Each structure stands twice: as C-alpha cells, then as structure tokens.
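These protein sequence lines map, in sequence, to chains A and B.
3 is the number of the first residue of the first sequence in our numbering; add one for each residue after it.
3 is the number of the first residue of the second sequence in our numbering; add one for each residue after it.
Careful: at least some of the hints might be erroneous.
Identical chains blur together in the list; that is why a pair holds if it fits in one copy or across any two.
[As the list claims (entries may be wrong)] With a straight-line Cα cutoff of 25 Å, these simulated DSS-like cross-link-like pairs (lysine-lysine) come out:
1. Lys166 / Lys150
2. Lys79 / Lys61
3. Lys166 / Lys5
4. Lys61 / Lys195
5. Lys4 / Lys79
6. Lys24 / Lys197
7. Lys79 / Lys150
8. Lys201 / Lys79
9. Lys4 / Lys195
10. Lys61 / Lys150
11. Lys150 / Lys5
12. Lys24 / Lys61
13. Lys4 / Lys61
These are calculated hints, taken from the structure and not from any lab test.
All values derive from a computational prediction rather than experimental measurement.
There are 2 protein chains.
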Amino acid sequence: MKKAVVLLSGGLDSVTALSIAKEQGFECYTLSFNYGQRHSTELTAARMISAQNGAVEHKVIDIDLTAIGGSALTDDKIDVPERLEEGIPVTYVPARNTIFLSIALGWAEVLSADAIFVGVNAVDYSGYPDCRQDFITAFEQLANVATKAGVEGNKLNIHAPLMKMSKSDIIQEGIRLGIDYSQTVSCYQADQKGKACGKCASCRLRSQGFEQAGISDPTRYQ
Amino acid sequence: MKKAVVLLSGGLDSVTALSIAKEQGFECYTLSFNYGQRHSTELTAARMISAQNGAVEHKVIDIDLTAIGGSALTDDKIDVPERLEEGIPVTYVPARNTIFLSIALGWAEVLSADAIFVGVNAVDYSGYPDCRQDFITAFEQLANVATKAGVEGNKLNIHAPLMKMSKSDIIQEGIRLGIDYSQTVSCYQADQKGKACGKCASCRLRSQGFEQAGISDPTRYQ
Numbered sequence: 003m004k005k006a007v008v009l010l011s012g013g014l015d016s017v018t019a020l021s022i023a024k025e026q027g028f029e030c031y032t033l034s035f036n037y038g039q040r041h042s043t044e045l046t047a048a049r050m051i052s053a054q055n056g057a058v059e060h061k062v063i064d065i066d067l068t069a070i071g072g073s074a075l076t077d078d079k080i081d082v083p084e085r086l087e088e089g090i091p092v093t094y095v096p097a098r099n100t101i102f103l104s105i106a107l108g109w110a111e112v113l114s115a116d117a118i119f120v121g122v123n124a125v126d127y128s129g130y131p132d133c134r135q136d137f138i139t140a141f142e143q144l145a146n147v148a149t150k151a152g153v154e155g156n157k158l159n160i161h162a163p164l165m166k167m168s169k170s171d172i173i174q175e176g177i178r179l180g181i182d183y184s185q186t187v188s189c190y191q192a193d194q195k196g197k198a199c200g201k202c203a204s205c206r207l208r209s210q211g212f213e214q215a216g217i218s219d220p221t222r223y224q
Numbered sequence: 003m004k005k006a007v008v009l010l011s012g013g014l015d016s017v018t019a020l021s022i023a024k025e026q027g028f029e030c031y032t033l034s035f036n037y038g039q040r041h042s043t044e045l046t047a048a049r050m051i052s053a054q055n056g057a058v059e060h061k062v063i064d065i066d067l068t069a070i071g072g073s074a075l076t077d078d079k080i081d082v083p084e085r086l087e088e089g090i091p092v093t094y095v096p097a098r099n100t101i102f103l104s105i106a107l108g109w110a111e112v113l114s115a116d117a118i119f120v121g122v123n124a125v126d127y128s129g130y131p132d133c134r135q136d137f138i139t140a141f142e143q144l145a146n147v148a149t150k151a152g153v154e155g156n157k158l159n160i161h162a163p164l165m166k167m168s169k170s171d172i173i174q175e176g177i178r179l180g181i182d183y184s185q186t187v188s189c190y191q192a193d194q195k196g197k198a199c200g201k202c203a204s205c206r207l208r209s210q211g212f213e214q215a216g217i218s219d220p221t222r223y224q
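Required output: the full structure, derived from the provided sequences and hints.
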C-alpha cells in the first residue's frame, strides 16, 4: 500500500486533503505542529480527525516559531485582521510551509513514503507565497535531491490537491467525501473549546465558502 | 551593511563559514538548533563563538528530531560508527539540512537578510545528500519562490563557501582567519565538557584534516 505523510492543521483545507489522500488509496501518517500559534484547539481537532480517518500514526512536533515572529499568528504584538487584505497578509508566517514540508520530508524519508499531501490552495490565499503551485513544484524538486531516497531514485511526490479549488469547491468535495466540518477549526483566534470568532479573515473566507456552496455552515461559533 | 543568517552548529565547518561571512562584510545573525542531538556541548561552543565573532544575535531553536528518528544522531538505538562508511552513513539525519535551512529562511525573511551561510561540504561528506551543490542550488531556487521577499524580487543567496574544500583546506582557511579551533566541537559523542572521543567518524575526519594541513591538532580529547 502506498504511504503518505499528510500535513494536518485541523482546519477545513487540511482535513479535506486527508480525505482525498485516503480516497486515493494512501495509507496516511498525519503530522501537526505546535508552533506557537494563538490557540491549540486545532491540534485537538487534528488528533480526533486523524483517529476517525484511520491514520496509521499521528505526530505533533513542537517547534517554536514565535522565536522568529514576523506574523500576527506568531507575535502577540501584531493584531489578527478582521478583513481580507490586499497583497501578502500579516497572518502570513515567514517560511511556515517550507518548514512544515521539510519536517514532513524527514518523516517521509524514515517511513519510505511515496508522497506528502498538503492542503494549500492558491485561489483564496493568493497573497501567501508558499501556497502557490510554483512553490510546491520547487519544493518537490528540492525533496528529490535532498534525501537518500531521492538520490537513490525513489521519487517523492508533493500533492496539493486543493491548489486550484475555491473554498466552495473544497467544501463540496469534502461533503462528497463525508467530512463533518463542524469538527474542524479554521479560526485564527478560536476559544478553548474550539469555537470560532466569526470575525477574522479565516472565518469570513470559510463562511463565504459554505454560502457559495449552498451548504448550511456547521461551524461552532462563540 | 549586508545581513546574513549563519547556521552555526559549533563545529569546525560552521565556525569557518561564520568567519568567512564576517570577512565578506556581512552583519551576522547566528542560528543553532537543539534538535535532540546526542550532546549539547556544541551549543555551548556556538554561543561562545557567536559572541566572540560579534554576531548581532544568536538564536537557539528547539526542534525535536528524535520524534522522527532514523539516524544514529537522533535515535539512541542506533550506534555511532567509528569508521567512515561507504554510501550514506547512519549519522545522516533525514532532511536535517532542509529543515535547518527552512528555519533560517524564516528568520532571514523577518530580518530582510541578503544571504544564508551554511558550512556544508561535498568533499568529505559526499555520502550526505544534503551536503551537495545540487541540494544548495535547489534550496536557493525554493527560497526565492517561498517568501514574500522572493516574490517581491529581493533575491536571497545561499552561500556554501566550503562546498569544494577538503577538511585540510577548511582548516588552513580558518587558521588564516584567526580561528581558535580548540573551542569548536565536532565529535558526535563529546562529553559534558565538550571533550572529543577521538574515535567516531567525525573525530577521525577532523584529526586527518589537521594532519594533512600540517597543523598541530588543538582538539581537546577525553
């Protein structure tokens, strides 16, 4: 059976990427990060969702990105915005996806995995440099010269199945796959129980997605 | 003044890379990792050497690579070898340089740095996939699509000044730059005081380097 490491934040996108990996016949190993984000309820969601989806193993790696800062998500002095911003938003975390994919690459090598799945998409997050296809292509090229497996000719593929999908498309695909989105946490500043603020840019994008998909929004709000 | 993030393990190579960056006129920000390596005396060396070289700031980031394992350096069940091995050695840590460079990339972006310096070399470490020029080139390409700075056209350069140098060449260059190598720790299993075992592959390579350079080995052995 093919193996995949799946980056799983516990949000709507990454959970959909996990369901797609599973449908494509991959044995899934899920990877989450405790990186100093504003709340850890998404990690609780990730653990539960991994178990429900039959992931072989779920790892949470600690890496303190607040030591670097530079983002509203990792620096308390920068406020989380309530509107979708033009250009690159202050919620962009410098090199975050590069760092997360690198650690996934290390685990993929130890597991002799065939693929890494990541739930990035360029449509809604066009402002994030590390959510574009150019970035994924460059990372895949790097992955295949960076590791023992790559040097030995065992190609690792980086799958970003949501890349060209809108939030509405992603939700429709997830509903088809049977996902219960009430368990996912997308909010940048969810409370201790995982309830969403309904105001931040991530909440707005998510609720617009349900509206456009014509599906009642199951998100648990504060 | 140009800024550089310098990956600094506290070993012979990275300290030489730091001296080269300084000589080239870079304002240096040094970065070390507490990643679950077998000893942390190299971190003590890194801190001291950063201060002596006038680094503007020295950061130590915690990231537990023992959670991934797969190497004699991050898994206690795998012994550190005493001989230089053919092929890719068991001391290779899966994706380690990719992970370290990714975190350096995040910091470089926050600092608006111009370069990252890394002390890898392909001559002595031909067995490590992530110590080759192909890897550095692929990482540089990734770096320039992964970040806000890259997207905005501010190119980040990855410097690997030791790439084509033998251990003996590196030592001669370091001596010219005034490095006191007795303060550096290269041993895979140094003791609490930073004294080297003299037996592991890294110690052997280092002592051969001094011999070939015709320089008395200043390493503090156990």
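Each hint tested on the structure:
1. Lys166 / Lys150: between (31 Å within a copy, 21 Å between copies)
2. Lys79 / Lys61: Cα proximity of Lys79 and Lys61: across copies only (20 Å, versus 30 Å in one copy).
3. Lys166 / Lys5: Result: close within a single copy only, 24 Å intra versus 37 Å inter.
4. Lys61 / Lys195: Classified as within: same-chain Cα gap 21 Å, cross-chain 34 Å, threshold 25 Å.
5. Lys4 / Lys79: Close neither inside one copy (44 Å) nor across copies (27 Å); limit 25 Å.
6. Lys24 / Lys197: Result: close neither inside a copy nor across copies, 27 Å intra and 50 Å inter.
7. Lys79 / Lys150: For Lys79 and Lys150, only the inter-copy Cα distance (20 Å) is at most 25 Å; the intra-copy one is 41 Å.
8. Lys201 / Lys79: within (19 Å within a copy, 49 Å between copies)
9. Lys4 / Lys195: Neither. Shortest intra-copy (35 Å) and inter-copy (46 Å) distances fail the 25 Å Cα cut-off.
10. Lys61 / Lys150: within (22 Å within a copy, 29 Å between copies)
11. Lys150 / Lys5: within (17 Å within a copy, 32 Å between copies)
12. Lys24 / Lys61: within (17 Å within a copy, 39 Å between copies)
13. Lys4 / Lys61: within (19 Å within a copy, 39 Å between copies)
The structure shown violates the earlier hints numbered 5, 6 and 9.
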